[in-house]
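J.: Based on the provided sequences and hints, a complete structural model is requested.
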Amino acid sequence: MAHGSAPGLDKRTQVRLRRGKVTVEARLDLHGMTQTQAYEALGRFVDRAQERGYKTVLVVTGKGLRGDGQVGVLRQAVPRWLNEPGFRARVHAFDHAAPADGGEGALYIMVRRRK
Numbered sequence: 001m002a003h004g005s006a007p008g009l010d011k012r013t014q015v016r017l018r019r020g021k022v023t024v025e026a027r028l029d030l031h032g033m034t035q036t037q038a039y040e041a042l043g044r045f046v047d048r049a050q051e052r053g054y055k056t057v058l059v060v061t062g063k064g065l066r067g068d069g070q071v072g073v074l075r076q077a078v079p080r081w082l083n084e085p086g087f088r089a090r091v092h093a094f095d096h097a098a099p100a101d102g103g104e105g106a107l108y109i110m111v112r113r114r115k
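Just so we're aligned: 42 in this note's numbering is position 42 of the sequence shown, and the numbers increase by one with no gaps anywhere.
Just so you know, the hints here were simulated from the structure itself, not pulled from any lab data.
Where hints are given, some of them may not hold.
Just the calculated beta-carbon pair ranges, DEER-fashion [to be verified]:
hint: 1; residue 1: R80; residue 2: G32; range: 28 to 38 Å
hint: 2; residue 1: D47; residue 2: T23; range: 26 to 36 Å
hint: 3; residue 1: R27; residue 2: G86; range: 30 to 40 Å
hint: 4; residue 1: T34; residue 2: K11; range: 17 to 27 Å
hint: 5; residue 1: G32; residue 2: R12; range: 16 to 26 Å
hint: 6; residue 1: G43; residue 2: G64; range: 14 to 24 Å
hint: 7; residue 1: K63; residue 2: K115; range: 15 to 25 Å
hint: 8; residue 1: D29; residue 2: R112; range: 21 to 31 Å
hint: 9; residue 1: P79; residue 2: K21; range: 20 to 30 Å
Glycine included, C-beta positions come from ideal geometry on N, C-alpha and C.
T.: The structure is reproduced here in structure tokens:
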């Protein structure tokens, strides 16, 4: 699943998500973490969000823009991780945050309800 593609998510919710018109119930900032630390922190964060019944959370990866034009490691890795089977079972959709919440350096994540 790519940013913004959310099978089963209604159009109104998708638009609200893109515009930042959602209530963010928890935040995780991954700045300064290694990939291993960030992966583990993201897993714990999404688990906890699902356990608490949160609907929308924010994960800050940072823009990670380098002088050579490369994008940061975590900014590339987090969407890839969210598409892994272990996360897909807990994540309904995700997209870049609105500028006020970090823009392309952050992601809104819609958490699936626990069954």
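J.: Hint by hint, say whether it matches the structure.
T.: Right, here's what the structure says about each hint:
{"no.": "1", "hint": "R80 / G32: 28 to 38 Å", "result": "20 Å, violated"}
{"no.": "2", "hint": "D47 / T23: 26 to 36 Å", "result": "20 Å, violated"}
{"no.": "3", "hint": "R27 / G86: 30 to 40 Å", "result": "21 Å, violated"}
{"no.": "4", "hint": "T34 / K11: 17 to 27 Å", "result": "38 Å, violated"}
{"no.": "5", "hint": "G32 / R12: 16 to 26 Å", "result": "36 Å, violated"}
{"no.": "6", "hint": "G43 / G64: 14 to 24 Å", "result": "21 Å, holds"}
{"no.": "7", "hint": "K63 / K115: 15 to 25 Å", "result": "35 Å, violated"}
{"no.": "8", "hint": "D29 / R112: 21 to 31 Å", "result": "23 Å, holds"}
{"no.": "9", "hint": "P79 / K21: 20 to 30 Å", "result": "22 Å, holds"}
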